[in-house]
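Colleague: Both chains are sitting in their own frames, so use the hints and assemble them into the complex.
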Amino acid sequence: MEKYIIRRLLMLIPVLLGISIFAFSILHLTPGDPALMMLGEHAPPQQLENLRRSLGLDEPLPVQYFNWLSRAVQLDFGRSLRSNALVINEIANYLPNTAQLAGSAVFFSVLIGIPIGIISAVRPNSLLDNVAMVGALAGVGMPAFWQAIMFILIFSVTLGWFPSSGKLGGAAYFVLPTMTLATVSTASIARMTRSAMLEVISQDYIRTARSKGLNERRIVYRHALRNALIPVVTIIGLQAGALMTGAVLTETIFAWPGIGRMIVEAIRQKDFPVVQGVIMTFAVSYALINLFVDILYAYLDPKIRVKYK
Amino acid sequence: MSKKLTSVLVLGLAMLLSFSIFATAETNLVVTQMYDAVSLDPHGENDQASARVRRQIYDTLVIQDGDLNIIPGLAKSWEHVDEVTWEFSLRPDVYFHNGDKLTAEDVKFTFDRLRDPDTAAPGAFIVGFMEDVEVVDSMTVRITTDGPFAPMLAHLSHGVTGILNQSVVEEAGEDYGTTVVVGTGAFKFDSWSAGSHITLTRNPDYWGHVAEVDKVTFRSIPEGTVRAIELETGGVDIAMGIEPIDEPRMEEDPNVEVLRTPGLGADYVGFNCEKPPFDNVLVRQAINHAIDMDLIIEVVYAGQGVRAVSPISPTVWGANPDLEGYTYDPDKARDLLAEAGYADGFETSIWTNDNPLRMQAAEIIQADLAEIGIDVDVQIMEWGPYLAETGEGKHDMFILGWTTVTGDADYGLFPLFHSSTYGPEGNRTFWSTPRVDELLSRARANSDPDERLEMYYEAQEIIAEGAPWIFMRAPINVDGIRDNITGFEPHPSGDFFLNTVVKN
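Chains as they are written, first to last, in the numbering used here: chain A, 1 to 309; chain B, 1001 to 1504.
Do not rely on the hints blindly, as some may be mistaken.
What the hints assert, rightly or not - Simulated DEER-style distance windows between Cβ atoms: (1) 1146/B - 153/A: 53 to 63 Å; (2) 1393/B - 28/A: 23 to 33 Å; (3) 1442/B - 61/A: 43 to 53 Å; (4) 89/A - 1255/B: 36 to 46 Å; (5) 1199/B - 284/A: 45 to 55 Å; (6) 1359/B - 18/A: 29 to 39 Å; (7) 25/A - 1174/B: 35 to 45 Å; (8) 1255/B - 150/A: 16 to 26 Å.
As the list claims (entries may be wrong) - Residues of chain B clear of chain A, computed beta-carbon distances all greater than 12 Å: (9) 1025; (10) 1131; (11) 1301.
Claimed, not checked - List time: in silico EDC-like cross-link candidates among lysine to aspartate or glutamate, alpha-carbon distance up to 20 Å: (12) 270/A - 1354/B; (13) 1108/B - 1131/B; (14) 1076/B - 1134/B; (15) 270/A - 1389/B; (16) 270/A - 1382/B; (17) 1503/B - 1257/B; (18) 1394/B - 294/A; (19) 1108/B - 1171/B.
Source of the hints: derived by calculation from the structure; they are not laboratory data.
These figures come from a predicted structure and were not determined experimentally.
The C-beta atom is built at its ideal place from N, Cα and C for all residues, glycine as well.
Extracted from the complex, chain B is given alone in its bound form (with noise of 0.2 Å):
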């Protein structure tokens, strides 16, 4: 090459990049997460890239703030008239993002759409329980649900459940959610480029906290390592998703904060509890005291979690404290075993899909379960078959998780551990207790949050006690910011509110 070409390649390189710095008047906050959105209809894809750029756009009639207690979003107050009804009253300062006034029209057609068959939303299963939804005025709406069912505002402060404009969605038809966005939020949806970023504005007639920043840039950026790279050149300023491999440089780098947040997931071995020998519960209690689950924590997922006491991650609201999960002791665990009759151990299978962690996980657990004599066949399946397979019962072992999306217990324990539940809904070890059903369902309907918070507690005592799992880990969410960026609190769910975080 040229010294000629060189240099004006130089000159323009130069150019390029001082345009990029003088031409920032305004603030830009960039976050970057692993993948595109899907959809910014809340009605579509219920993925969490989708969730978190959502969140930022529409707002809920409730809140649920980072410890998890609910505050008023665009319901100023709300009343439980009787067992199944509930009456919200809106705020009458809301206005959409196209100057649309808030009414409680727009309430019920949301609810509607999102309960419609045809509309055959991922995220409808969170508004299950809704029988009914009325206009009574318009600034109220009221609900009527199917039965008494005490975690309802949870589910209301779920992403899915934000308001939509009704005359903007009916008016775009097929192309809401991907060129025509309009919420109540503290931004607004501005332009979505395919695979590389979504930008949002600031509303500034926000009726909340009005947002710190002009400007919120969202990238997708698939490896884990070029993410932490750009964090690092200070090419984002949040980055979601720090994997391992690259948590320990980011912990030294001075212009990098880490943050560690508890999640509400929990991932578990789940027994066929209706298949001999697990049918019996020394059997599987033999096989959590056999397991070295903090090795596994260590080894395959890097640190990023805790040891699992409970079916439910520590951050969910109804987790029991007390529990403290079994040790790993393998001649505790020959102990069990020779008391059940399986002194020579047995062979048996566990399943899993092909998930590179859970796979290595599997491989942990075959070579302590080998310890105690227990010849386990690791099996890696499709995820489709792997579904629907466990589902009908047909396996001995098998891995999952599930998270708490509404951060409320019943939605982490009844759905697994309830007797109606058995099978694809949800109940794939097919165990419960007659405790167990009454437990739940009461807690479902008891609007007295003491008396709730007792029942999860037995009921997680129970569960522990019957080991229907290997409780393995709740994870713990890794993410990280520059320095200059302050107000940046992710919640336990993995979304955040963008809003309050301001840029230096």
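One chain only, chain A, in its complex shape (with noise of 0.2 Å):
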């Protein structure tokens, strides 16, 4: 099982590289100096001189990419050409904020989405499953900002349930992004939970569960969900990987103080500290989510764990 950690552990390494090379490059990918692409058309010379200085804009690339990634290991991402604040501060202050929404939006899709799923698997091609796979496929269908734009008028502007926008509070204000971010998801972990489910209990080694008297629900949740969770956990992983990384439509609609609108901003205004900060962090938080699920893998499937004994 350690071995198996470490090793996954090992391979983060050559993909957060990667990435830190493409996030160093998108500032000399874009034609023109960087520095007034930055600071605009009414930078004073002395203000550019002093960027350049601070940015090393005159060194080698290849120094200028090492001397970033020496930093960025020890989390100085430098500062906000706009604000001044430290990067890390500022991904400190926005990203508990996408953290507690991509968490709730799991926490909801997971505890909708794999009843559904297992409800339509075990009668299939019932009312029940037609319903639940129609609107599952809905539910992936709907884009982000137009269902986030009916919940608002649903429920803020007709009913006045919530509001309508920001985290100025408590629960209330978590509701419809929550909805919005988990509609997709939870639509997805019902479909996937689904075909798994209905792939297992085909299987020979249900028929003989059954031919032995087990009773039904022993041998749903027991025999056939243990061994069909894994492409589930796979998807979860993927949806909360997603949700961490791309929450920025449902962010920026509903004015969410998160990483995603952070980005959004920042790329907005040529804040490149910011953007590739911005950017590390997404790939670190998407790493660790795929190294989370691969470590649950190895718990679901004895297989696995065996092959690194």
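Modeller: Here's what the structure looks like:
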């Protein structure tokens, strides 16, 4: 088990290095003088000079990259060009909001998605199954920005139940963005659970279990579900990653002070240190979620554990 | 979901809602705008979102009222000692939010910091005219300019000149403007939840009109529709920037009042007047007649603006009220083009950055010019190269905007039409005339307002005639307030003062 985890951890290094090269080069891939582009047309020459010096733009590229990387591994992404705040502090301000929202969305989509998937698989082609799967298809298909506006229209404007934007207080502010985010992932999880369960249920050992006279409930939860969970865990992991990094639209519409909005603002303001810092944060959170999923595999699947004994 | 769980949830929700209703004993005015502030240091980023918050926290030496008249601020009076020297007497009853008394030292410190190249303040251009700042005594400060500079008071009313507390700024160092913010204004900085909201509280010891509300919350809501919905549902009291698509619904809502304030901006298409065929004034006039500008304003800008007749918005002090602009007249355009020797038209290009509204405007211009035989290629560019290359004069035509942030014609004309500013400094059309140069230089140096007005009127006539631009639009700012809000007057600059606002 440890060997497996260590191996997975080591595999993170090349991935993160690759992304760091990308994050570093966005500044240099865009045409024009980076300093002028960041500071705009009215920038005084002195300010341009200061910025060039602080970014080390006169050094050869590999040297610049190495300098940047050696600071980045110490979590030093420099200061925002706009607010002058430390990038890492800004990330620390915004990231928890995204994590809370993503966490609540994952929680509800697992809570709702897996039971729907199981029920559909146990009674395939029943009315319930058909309704659930059409619903799931719609859930996957509806664009988040449209859903968000619909939820706001229904639950804030018409019914007046929940605030339409912001994170100024407690649970009420979480409801609509969580619903928006959870719709897609609930649907994906339900569909994946259903197909994985269907595959497992038709296997010989389930028939054996049934012929032994085990009750259906025990067969479904003990024998089928556990084996069907591997692809479901994968999709949950992917969804969690996507929710951490892909909540850009939802956060923008709901004025949620999360990291997705932070990077949109930073891109608009051409605040490169912030963009770089957020990209690396995205990369690390995605990688960590994947690592966690991999570890969960080993827990769920003895075959994987045995391989690394 | 079980019935029990549902009822628990509903109960919980009801409790949350009732708390929020009964806990508001103090008045909290909620203002929303598109972006979050960037820095509350006036010498930090010079963006509108920050400027609006800073207006409530800091005071300037003089204030420009809604009609762009200059009235006393922290300076109770001033004297024009000689052509290049101004002396300001400070109010003796002004205290910073931390209790320190305002002194002339703070004023000198503020302006010196703003001008210091090491500060690299994006707003430093506002005080580009300053030669020196001297403390005469603790309540008197003397400013010397690098030449006679009549629009000086308008510049000193701009938000970036808000007066700082020297000891606080020096102590806070890099943290000034994010966690430490101290001014003399009607509201004190309380807290900043990044990306979400900024809270200010009433300054009970304010030297001027003490604020009517206890608290102000500035929220950033990037989506226009959500901003409008928050206003509709009463989540916010004031929403800055109602987008065209939401405007009709807001107009119909009895609980919402829509405010339309003419702004200080100007949108224009600039020609490269050094490059044929745009070196020919007839061609430039022909193109001005060929564009259906009312259509562009209606379709692209959804009526949020008026057709420009002058290079400066009619709101700006010094705008010539007698100009009529170019009417939409394709026949006249064809005649002018033929007279210029281009009866068969020509091929050219129009540049724009990736601003969607400008891109749409460029397409309509392209279609209108095709009508008179001019074949236009629309080119969309990255902002960086766009600015650099229009500054070098590599373009044929380009679309840009300019905001006369000081509200004084000098700032709307000098950088754009004086021959000393060719290129990246502002005059990207490379057009001027000796007479315009003379008028702009003299008006800048003349301290008599009536004489200045006359010079600006004449300069605008010559510019309109010379047509280095296609005069496009003077934008109108559209904001919304709840019907229980009174005393809110948005300034043409887009700023506002909240101390006079009452929430009933």
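Colleague: Need the list of violated hint numbers for this structure, in ascending order.
Modeller: Result: hints 5, 7, 18 break, sorted rising.
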